[in-house]
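Asker: Which chain is which? The protein sequence lines are A and B, in order.
To convert, note that position 282 of the first sequence is 282 in this note's numbering; the numbers rise steadily by one, no gaps.
If you want this note's numbering, it's the 1-based position in the second sequence plus 1000.
To be clear, the hints were calculated from the coordinates, so they are not data collected in a lab.
Fair warning: this is a prediction, and the values are worked out from it, not measured in the lab.
Keep in mind that a hint or two might mislead.
To be verified - Ranges between beta-carbon positions, derived for each pair:
| # | chain 1 | residue 1 | chain 2 | residue 2 | range |
| --- | --- | --- | --- | --- | --- |
| 1 | A | Ile-86 | B | Glu-1105 | 46 to 56 Å |
| 2 | B | Arg-1092 | A | Leu-93 | 24 to 34 Å |
| 3 | B | Asp-1221 | A | Pro-33 | 54 to 64 Å |
| 4 | A | Val-282 | B | Leu-1157 | 42 to 52 Å |
| 5 | B | Gly-1097 | A | Pro-107 | 45 to 55 Å |
| 6 | A | Ile-115 | B | Ser-1257 | 58 to 68 Å |
Heads up, the beta-carbon is just placed ideally off N, CA and C, and yes, glycines get one too.
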Amino acid sequence: MTADAATPLAVGAEPAGAAERRDARRHLVLLLPALLTLGAFFVYPLLGILVRSVDKNGYTLESYRQVFRTGVYLTVIGLTFRTATIVTLICLLVGYPLAYVLATVRPRLARWLTIIVVLPFLTSIIVRTYAWMVLLGRNGVVNQYLVAAGLTPAPLPLLYNQAGVVIGMTYVLLPFMVLTLASVMQGIDPAFLRAAHSLGASRLQAFRRVFLPLSIPGVAGGALLVFILSLGFYITPALMGGPSDVMIAMLIEREVEFTLNWSFASALGSILLVLTLAAFVVYYRLMRLERLFEGAG
Amino acid sequence: MFGSVVAVSDVSLTIAAASFFTLLGPSGSGKTTTLMMVAGFVHPTRGQIAIDGVDVTALPPQKRDLGMVFQSYAVFPHLTVFENVAFPLQVRKIPGGELRRRVGEALELVRLTGYERRLPRQLSGGEQQRVALARALVFQPRVLLMDEPLGALDKKLRAHMQGELKRIQRHLHVTVIYVTHDQEEALTMSDRVAVMRGGRTEQVGTPAELYEAPVSPFVADFVGESNFIEGVVVAASGPGRTLVRTDGGLELWGIASQPLRAGQRVVAAVRPEKLEPTNTPAAGPNCCKGVIEDVVYAGDATRYSVGLGAAGTLTVKVQNRAASRRLSSGESLEVAWDPEDTRIFARAGDDG
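Work the whole structure out from these sequences, hints included.
Answerer: In structure tokens, the structure reads:
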């Protein structure tokens, strides 16, 4: 009995600073594999791209000048941001109610719903995109039903245009939005909603004044994730878009594959990177993510 | 403000208006469920809940007009102190001037004036607690429901908040239904207490009734502390004075709250502070010889474990005064107590 009581004292007697330093060292060891992998396969190539964008038989900013001189590249960048914005908004509109259901149903049912939401990840994105092309084509399943139901006199143009790109990208990115939203919503203490009701708030008032504001960190996180992933999208717009639905990633691929202008491709890549970071910073400032995440904790 | 609340599951309670009523019980006794039924978050399968004589059983929580303070406080983290307290007034569409006045009054009541613009995360646990209280009172509810509101506070702060709660309750004449598993809290704060066990009420009464005249060994043990001595009834008796022969061969007198048969198995309960150690052979009816086995000094009092040989062990609690004699382990002594301080209960499953 006395020996038992003495043990915690012995642990407590160790200087706090030493324990902290040992903890820090242990954390570093745990981070090392991730840091090495990121360094070798992300940071190093990224630096390579930045260097190559200014290296054309001697250092020059020629490639960047070319991007800003030719209007078509700026147009593509603008289109890329526009598409990313539309996809993000639609993901949010579709994903929020779905995440709400996911976060509020019984845990057992929630597990099954989560599996259904994640299921598409198990199939290649190319296969899924081709599946959508079969569904959305002029004589595809969707148009057949629409025409048969008399909702439209002629098949709708759902493929090889912006509609096709947005549908395909929304489908691929929706799980990211839903999972981010649901994880934040599941962290909202149900006592807050009960408190709101006990204070006289109707269901709508409790949702609007308590649940919605508390879920904003999820909205911010999910929207940021979907927006940034959208900016670099390649396969879906390449397969489901029309000739005018070119996104910046497709432009980069063209430069690498066909014109072999690696310096120019690198410059486009660098611009995409900088713009993405800029979007992140603006967004961060706008939403004051730091404050919001703190508030949810 | 007249209010009488009737909560029914296997439970039937009538709570007087403007009184402080406590549901006391161990976890799983149904006290929180009963409170949640009054609040409207749990729907009773049978029975009725009425406030001021009006049946509210079918009403959702937001229509019941009851203030509630949750165990976790549930202060909205994204709203300031002012906005939290204003919340119930805003959903009731109270105009701005009156809203500000009433929020100000509520904050003054809980002594948080000047904290209006702070966010909950900038407040201590006790301060958040008071925000939750102001928010639950600001719309002048008929009844204030509190679910273990002081559970997360440290002992000093808890004692302070107990006093504050009583002061506010008396000031506003509001009916309070309070849930706790802390018997001391229940005794010091309540006008009446319902002791709950296994989803039913074991005893309902004033704190003094529960402590001095418990109706079951469970209440005698859960409210305060008791020595239990098993035995059989010597002669049949009505409620009142009863002679018991204990399994250890002692004879003792106590008060039974129900009629008992001769030979019926019973348990006698006596509180540690009602036992008196003496060194002269006592003349009274209830006394026995023992040896001190253990001494625990607890500041205000000293607790002695007194071995009675075959008759078991008694815990004796003696206030520490300059005049009180200190006893030490191994010392022999006599222990005496008043039959009026001894309660006799029929053994469970053997009540006549």
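Asker: Each of the hints needs a verdict: does it hold here or not?
Answerer: Quick rundown of the hints versus the structure:
no. : hint                               : result
1   : A/Ile-86 x B/Glu-1105: 46 to 56 Å  : holds, 50 Å
2   : B/Arg-1092 x A/Leu-93: 24 to 34 Å  : holds, 32 Å
3   : B/Asp-1221 x A/Pro-33: 54 to 64 Å  : holds, 57 Å
4   : A/Val-282 x B/Leu-1157: 42 to 52 Å : holds, 45 Å
5   : B/Gly-1097 x A/Pro-107: 45 to 55 Å : holds, 46 Å
6   : A/Ile-115 x B/Ser-1257: 58 to 68 Å : holds, 59 Å
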